[in-house]
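Chains A and B supply the protein sequences, listed in that same order.
The first sequence begins at 1 in my numbering and counts up one residue at a time.
The second sequence begins at 291 in my numbering and counts up one residue at a time.
Honestly, the hints are just simulated from the structure, not real lab data.
Every value quoted in this text rests on a predicted model; they were computed, and no experiment measured them.
You can trust all of the hints, since none of them are fake.
From the structure, some residues in chain A lie toward chain B, with a derived Cβ separation under 7 Å:
#1 M145
#2 R154
#3 L248
#4 A255
#5 V273
Here a beta-carbon is modelled for each residue, glycine too, at the ideal position from N, C-alpha and C.
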Amino acid sequence: MQNKSNLSRREFLKIAGAGLGSLALTANACVSAGASSNEELPLEEHWALLYDATQCSGCRECERACKAYNKLPEENVDDLSGNTFTLIKLYQSEDGAQKSFRKYQCMHCVDPACAASCPVGALHKIENGPVVYDAYKCIGCRYCMQACAFGVPRYDWSLAYPFIRKCEMCYHREAGPACADICPKQALLFGRRGDLLEIAKMRISVNPGKYFEDRVYGEFEGGGTSVLILSGVPFEAIGLPGLDPQPLPDRTQWALNIVPAIFFGVGGAMSAVYQRTKNKTSTPEEEVKS
Amino acid sequence: MTSITLPVVKKQVSIGTLILVFLAALGAFAAMFRWVDGFSHVSNLSDSRPWGIWISFDLLVGVPISAGAFVLAATVHIFHIEKYRPILRPALLTGFLGYLMVILALLVDLGQPQRIWHMLVYWNLHSPLFEVGMCVMTYTAVLFLEFSPPLLEKLGWTSLLQFVKKISIPVVILGVTLSTMHQSSLGSLFLIVPFKMHPLWYTSLLPLIFLVSAIAVGFGMVIFECAISHQVFGGQVRNEIFQGLARGMLITLGLLLLIKVGDLAYAGELGLIFSGTFQGNMFILENLIGIILPIAILLVPKFRKSSPWIFRAGLLTLLGLILYRLNIGLVSMAGEPYVPHVLELAVTIGLFSAGIMAFGFAMKNLPLEEDPCTHVH
Ligand code: SF4
Ligand code: SF4
Ligand code: SF4
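Just chain B, with the same shape it has in the complex (with noise of 0.2 Å):
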C-alpha cells in the first residue's frame, strides 16, 4: 500500500468535482466582494443583526463537526483502543482542514480580518470569545502536528517525524483539553445574552450542552466520513469498528437527551416546546432529528448491527446538530427577522465544498496507509 497517489484522479474529471470547483470559485467571489466592497452588498448582517449565518454555521457548527478528531484521538492515543486506529488518521484530517475552515469564514465575517491574531496578544480573560479564538488558534496548530506524521513521511523528514512522534502524547493530551475547553465555551459566548435568546435554548448549561453535542457529533462525523471515503476510495469498514463509533454515540445522545430534558423540566418551560411557535416546532425538530431518532434506530439491536442503519443513525446526528446550531444561531435569536443573503450562502457553500475538494486531495495523496477506514477481510 504503498502507491497511494495513482490513477482515479487523473482518467477523468467527474461531474462532482467540477460542481464542487464552481461553488468554491462562487464562494471565493463572494468573499473577494465583501472584502472590497463592504457588508451591505452581501450580506443581511444588520445592526439588531450582527451575527449571521457565518458564524451560525460556519464557526457554531464547522467547529463540533471537526469533533470527531479528538474524540477519536483520545480514544486511541490515551485510552489504548487500538482497533479505531485505522481510522484515526481520516478523523484527524477530517479536524484539521475543519478548523482551518472556521478560520477562513471568520477571515470573510471579522470586519477587521486583517488583525485576526489581536487575539493572541490583546487578551481579554472576561470574554468566552477570547477563550474560543486562542483555542481554536491553538488547536489548529496541534491538529496539523498530530496529522503531521504522513506528510513528513511522504516528505521524508525522518527527524523531524521522529521528534513529532516523540511528543505525540502530551501533544494529544493537549488536543483533547484545548477542544474540552473551547466547544463547551462556544456555548458560553450566549450566556450573556438572556434577553435576546429564547428560553428553550437559553440555560446556564449550555456550555455542557454544546460539549457534549459536539462530542455526540463527533462519532455521528466518524462514522459518515468513513461510510462515505469508503465508498468514494473503495475498501470496507470493518462492522466491530462501525458498531463501536455506533454505541459511543448513543451514549452521548442518550446524556444529551437527559441534560436538555432534565434542565428544561427543572426550569418548567417543558411546556414551551408544545407551545406551536416557529421557536417550540424548530425545537421540535432538532430534537427528534438529531436525539430522538437516532436514539430510537440504535436502541432496535438488528439495527445497531447494520452498517446501513448506523449510517442512516450518524448522518441524523449529524444533521440534527446542524438545526440545533442553526436554532441557537438564528431562531433562538430576537432582532429584525433575517434571512441569509445569497453571496452570504454561497460563501458559506463555498468553503465547505473546497474543505471536502481538499479532503479527496489528500485521501489521494497522503499516505493514510494505517487506514483510511478500510481493510480487506
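Next comes chain A alone, as it looks inside the complex (with noise of 0.2 Å):
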C-alpha cells in the first residue's frame, strides 16, 4: 500500500535559477497571520517549517523554546506525548556510521487526515496553513490518533475528561513558530511554504549529493505538508512514513460522496418494493429477497 513516492528529481532544476532572490526572504520574515481575508490562501503563502536534518546539532533549543512558549512542564520522555509537542531524536546505522537528527512535531499537512476525520471538526487547517485545536468542540474519540500518519495528537491518558495535544504553529505567535525563532544553525527555517520549497532545492542543488534522493519530504507525501524535511538518510530511516502522493482524506471522500446516493437511492428503492409489493399478499413460500 505504501507507494515509495518517486517525485521527481528534475524538480529543483526548474528552480536552480530562481536563485538568490529568494534567500532574502527566508526565516522569519514577512509572513502576515493573515487573519483578516476569508479568501483561500495559494499554498505557496501558506506558513511553513523548513527542517534541514544534516544541518541540526541536536541542541535541542527548539524543544526548550516550545515548552517555554506552550507553558508546558519538562518530561523526560523519547516521544511524543501531551506535554510535549516537539522532540529531537538521534538516529543512528547499526554500524554506527551514518546517523541523524529528526525533528518530531505535527507536520502541518496541506490536506490532514486529522481534520478531515474529526468528526465535529474540532481539528482543522486555518487558512494560512497550521492545523489547529478547538478544544472546546472535542469529543475525545480519538479518531485523529487513529488516522494521522505521523502519529502526531496525542492525549493525557491519565485524566479523566482529556484532551488533544499537538504543536499548533504557534499560530497566535506574532514571530511564528518559538521553535524556529530560536534554532542557531539555520536547520529550521520558518516561512512561506513556497519559499522554503525553493530554498530547500537551492541547497539540494547546491550540494549535489548530500541530501537523500535530492528531494525535500514533505513536498507531495500524503498531499504535501508543511513541514518540510531535508535529510541526509533515508527518511525512513528517521522515521518518515513513505506516503502516496494521493491525500489520504481523499480514501476516504469517495465514500462519504455517495452517501446522499445511497440516502435517495435505497430509500427510492424501498419506497418503490413497497408500492409494488404492497397489494400482494405474500405467501408463506415467498423467498426473503435482500
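From these two lone chains plus the hints, build me the complex, please.
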C-alpha cells in the first residue's frame, strides 16, 4: 500500500535559477497571519517550516523554546506526548557510520487526515496553513490519533476527560513558531511554503549528493505538508513514512460522496418495493429477497 | 395471550440472572472508575493504540449484531413477506437495546462523553465518524419509534399509537436507509489508515464488506435470538421461518465470500492468507468460522431443513463476524502490542450482560404478542 513516491529529481532544476533572490525572503520575515481575509491563501503563501536534518546539531533549543512558549512542564520522554509537542531524536545506523537527527512535530499537512476525520471539526486547517484545535468542540473520540499517518495527536491518558494535544505551529505567536526563532544553526527555518521549497531545492542543487534522493520530504507526501524536511539519510531511517502523493482524506471522500446517492437510492428503492408488493398477499413460500 | 407479566420471574431468581447482575455491576464499577479516575488504571489504551476493545467490540460488533432489526423490518414491512411478522418485534427490541448498549459504551470510551451531542451540532461532512454518529443516534430514535407500539399498547396511549402506526412506513424506510448508510460507513472509518492496516483487511471495499457482513449476521442474529428466546421463554419456532432466514443468510454469506476472495485476488494478495503469520492465521480463522463453515452446513440439504443445524450455522456466522470485527480493530492495526485491560473487558462484558437482562425483562413484560418467535401448531 505504501508506494514510495518516486517524485522527481527534475523539480529542482526548474528552480535552480530562482536563486538568491528568494534567500532574502527566508526565515522569520514577512508572513502575515492573514487573519483578515476569508479567501483561501494559495499554498505557496502558507506558513511553513523547513527542517534540514543535516544542519541540526541536536542542541534541542527548539524543544526548550516550545516548552516555554506553550507553558509545558518538563518531562523525560522519548516520544511526543501530551506535554511534548516537539522532540529531537538521534538516529544511528547499526554500525554507527550514519547518523542523523530528526525533529518530531505536527507536519501541518496540506490536506490533513486528522481534520478530515474529526467528526466535530475540532481539528481544522486555518487559512494560512497551521492545523489547529478547538478544544471546546472535541468529544474525545480519538479518531484523529488513529488517522494521522505521523502519529502526532497525543492524549493524556491519566486524566478522566483528556484533550488532544499537539503542535499548532504557534499560530497565535506574532513572529511565528518559537522553535524556529531560536534555532542557532539555520536547521529550522520559518517562512512561506513556496519560499522554503525554493530554499530547500537550492540547498539540494548547491550540494549534489548531500541530500537523500535529492528531494524534499513533504513536498508531495500524503498530499504535501507544511513542515518540509531535508535529510542526508533515507527518510525511512529517520521515521518518515513513505506516503502516496494522494492525500489520505481522498480515500474516504469517495465513500462519503456517495452517501446522498445511498440515501435517496435506498430510500427510493425501498419505497418502490413497498408500493409494488403492497397489494400482493405474500404466501409463506415466498423467498426472502434482500 | 394478553396476560403476559406472569410468573416465571418472581418464582425464583435463577443463578443465570445472578451472574448477569454481578457482571453488569462489575462493568458499572469499571465505568465509574474510568469516569472518575481516568483511562490509565482502567484501560491499556495508549497513544499508538487509541482504539481498543470498546471500539472494536462494542461499536464494531454492537452495531452489526443489531442489524437483524433493519433486515426484518424491510422484509416484513417493505417486501411484505408476512410469515416473518411474528419474529419482527423481538428483532426490533434486540436492535434497539443493541444501539443503547453501543451508545453507553461510547459514553465510556469518549474522552469527553458529556459532549456526545456535539456530533449533532458541529458537523464535519468529511468525517465518516460524523456519519456513523449521526446515523446511530437518529436510527436509535427510529428503532424506538418502530418498537414503540407494544409499549404504547401496554400504556394504553391509543391516540399516540395511531399516530405512530400512521407514520410507520416512512419510518421503516428511513430506518433501512440509515442502516445501509452507517453499517457501511463503519467500514469507511478505516479507509483513511492504509498505512496502519494489514493488507489482508485493508481494501477500498471495506464499506461494502461491512454492510454485507452486517446483513448476514442480521439473519444470524434473528435465528440465534429466536432459538434462544424460545428455549428460555417457551414455545416453538416455526420451521419455515427458520429455513427462510437460513436461505437469506446463505445467500448473503455467499456474496460476502465472493467479495472478499475476489477483492484479494484482484489485488494479488491471496498469497498473504497462507503466509503463516499471526495475521494470516487470524484471517483464515475468521473466514473459516464465519463464512465457509456456515455455507458448508447450509449447502447440505438435510441440514438446511434442520433447526438445530440452522442454529449452529447462525451461531458460527455470529462468531465469525465478531472475529472479523476484532481482527479489523485489533489484529490488523499496526502499533504497540495491545491486550485489553481486565477492567476494559469488564465494561464490555457488563454492558453485554445488562443488554441480555433488559431483553429478558422486555420479553416478559411487554406485549410482543404478535410473536415471540413462537407459534403453537
Ligand atoms: S501531521 Fe497528523 S496531526 Fe499534524 S496535520 Fe498532519 S494529520 Fe494532522
Ligand atoms: S478526539 Fe477530538 S479532535 Fe480528535 S477526532 Fe475526536 S473530536 Fe476531533
Ligand atoms: S511550532 Fe510552536 S508548538 Fe510547534 S513545535 Fe515549534 S514551538 Fe512547538
